Amino acid sequence: MDESALILDAQHGDLQAFNTLVLAYQDVLFNTALRILNDEDQAADAVQEAFLSAFRALNSYRGGSFRAWLLRTVTNACYDELRRKKRRPTTPFEPETAEGEEVESPHWLADPHASPEESLDQAELEHAVQHCLENLPPDFRAVVVLADIQGLDYSEVAIAVHKPLGTIKSRLARARLRMRACLQGFRELLPVAYRLEEESSL
Amino acid sequence: MTTPSSRDLEQLSAYLDGQLSQSSRARLEIRIQSDAGLASALEELRQTRAFLRRTPHRRTLHNFTLTPGMAGIRPPVPRLVPVLSWVSAVAMLFFIFTLGASLVGQLYVGKTASMNAAVPMGGGAGPLAAAPMAPSSANTATMAPLMAAPAPLAPAATGVPATSVPLAASSNPPAADQTAPPPPTEETSIVSVEQATPPAVSRLAQLQAASKSLKRQVNYWLFIWPGMAVILGASAIVAWGLNKRDFQRKNPPG
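For the protein sequence lines, the chains are E and W, in the order given.
Each residue of the first sequence is one higher than the one before, starting from 1 at the first, in our numbering.
Each residue of the second sequence is one higher than the one before, starting from 1001 at the first, in our numbering.
The hints are simulated quantities; they were obtained by calculation from the structure and are not laboratory data.
Just so you know, not all the hints are guaranteed correct.
Over the 10 Å line for every Cβ pair with chain E, so calculated as not near, a few chain W residues [to be verified]: (1) L1045; (2) F1064; (3) P1068; (4) V1104; (5) Q1208.
For the chain E half of the interface with chain W, some residues (derived, Cβ under 7 Å), not all of them [as the list claims (entries may be wrong)]: (6) Q26; (7) Q48; (8) E49; (9) T167; (10) K169; (11) M179; (12) C182.
Listed next, the stretches of chain W that the computed footprint assigns to chain E, with coverage defined by at least 3 CB atoms under 8 Å from CB atoms of chain E [what the hints assert, rightly or not]: (13) 1004-1018; (14) 1230-1236.
Quantities reported herein were computed from a predicted structural model and do not represent experimental measurements.
All C-beta atoms in this analysis are idealised placements derived from N, C-alpha and C, irrespective of residue type, glycine included.
Using the sequences and the hints, build the whole thing.
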């Protein structure tokens, strides 16, 4: 995929070229939105809105990491959604069994290629991470999701959240410390392979 | 072993991600080797980062590709559409004008025809029959056939049947000094205009003139419409060309 050519075509209004880019980046954007919002439907809405905004503002893209530029649009969409949720809080829908019991790990969240044990472990890990992310302020959450979950470097994170590098370094360090402290609380609940070592000095 | 400060933790986090400068990195490495607290904090940050990186990635449940409607893109309009719309407008004007002019033309022709029919043609036998006859018997003898002269015209123009001829012949009593005219025969029924009496010639000339006038009017309308169609068609072509040029200027290729 010649990303530069596709971007250039999309800037000239070629929707098919833009949709090729959408298919290449939709998973990254969706996972980012999902970790920030912790809601699949809201994450999907945010991603769709982000791609729409990106297409409309494509001429403002002046080069550099296109992934970071796209992540910036989805991060903004997530912030908007969080602000909206804060104004009008809603009760998330929790799936239930036939007996009316809440299902913590719905079947549609499972990886179809993983074994039942792996799926369960991954679900536990995901639940722990998501719970700890929820306890972070949105600005810290976005930084740790982008840097540690999506694997962006600092400069890309800086573009995505529109903050200077120094702020990114500071927020990431503090976010990691908070995540560490939170995840320690899940130590006994997590499978052995996913457990953090016992806290020492932090 | 010391408890790392916030500044130290920030340095350790950046060191973990390879974001420190060469000199800062060298200084921190010396400190880490000599301070167990910093080394432990670094290890915990590394574990946390590794833990987070193992977070499962979800696949999207559906694609987020945009449709032209979502993106606000209207389907491409064929290039000829603006041009054809102008041509359509011209054609519509042409149609309305032709229709209107045709109706007016028919009314005018009908009025003229009825006027002509009222004066010399339709009642041709009557006025002609009432016209004063020449005293000579020769002339009188030629009158009845002459009355028949317009007969072929009458049905064509007015629909009056040719049977008016005997009526004309019988409705003209001969003058007192005239001998009784012989009844019209086959031989006398065909006469030339030159043989007619002057008033009859005058009437016949009027009839012929009216007939010619009617034919001219019909011919005029028969020729004027194709001519106008050609003119308006040419105008439509010129408008098409001008609009195409204008469209190409506004939408240069590439």
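Evaluated hints:
For L1045/W, the requirement that its beta carbon stay farther than 10 Å from each beta carbon of chain E is not met, with the minimum near 6 Å. The beta carbon of F1064/W is not kept farther than 10 Å from every beta carbon of chain E, the shortest such distance being approximately 5 Å. Against chain E, the non-interface label of P1068/W is violated: not every CB pair exceeds 10 Å, the least being about 6 Å. Every Cβ of chain E is farther than 10 Å from the Cβ of V1104/W; the closest lies at roughly 52 Å, confirming the non-interface assignment.
Separation of Q1208/W from chain E is adequate, the least Cβ-Cβ distance of about 75 Å exceeding the 10 Å criterion. Contact between Q26/E and chain W, as hinted, is supported at the beta carbon level, the nearest pair being about 5 Å apart and thus within 7 Å. At about 5 Å, the closest approach between the beta carbon of Q48/E and any beta carbon in chain W falls short of 7 Å, and the interface hint on this residue holds. The restraint placing E49/E at the interface with chain W is violated, with a minimum CB-CB distance near 10 Å, outside the 7 Å limit.
Taking 7 Å as the C-beta contact cut-off toward chain W, the hint placing T167/E at the interface is violated, the least distance being around 11 Å. Because the beta carbon of K169/E sits about 5 Å from the nearest beta carbon in chain W, less than 7 Å, this interface hint is met. For M179/E, the interface hint holds, the least distance from its beta-carbon to any beta-carbon of chain W being 6 Å, beneath 7 Å. A distance limit of 7 Å between C-beta atoms decides the matter here; for C182/E the minimum to chain W is near 10 Å, and the interface restraint is violated.
For a cut-off of 8 Å, the count of residues in the stretch 1004-1018 of chain W with a CB near a CB of chain E stands at 8, and the three-residue condition holds. With 0 residues having a Cβ less than 8 Å from any Cβ of chain E, the stretch 1230-1236 of chain W misses the three-residue criterion, and the hint is violated.
Of the numbered hints given earlier, the model fails hints 1, 2, 3, 8, 9, 12, 14; all others are met.
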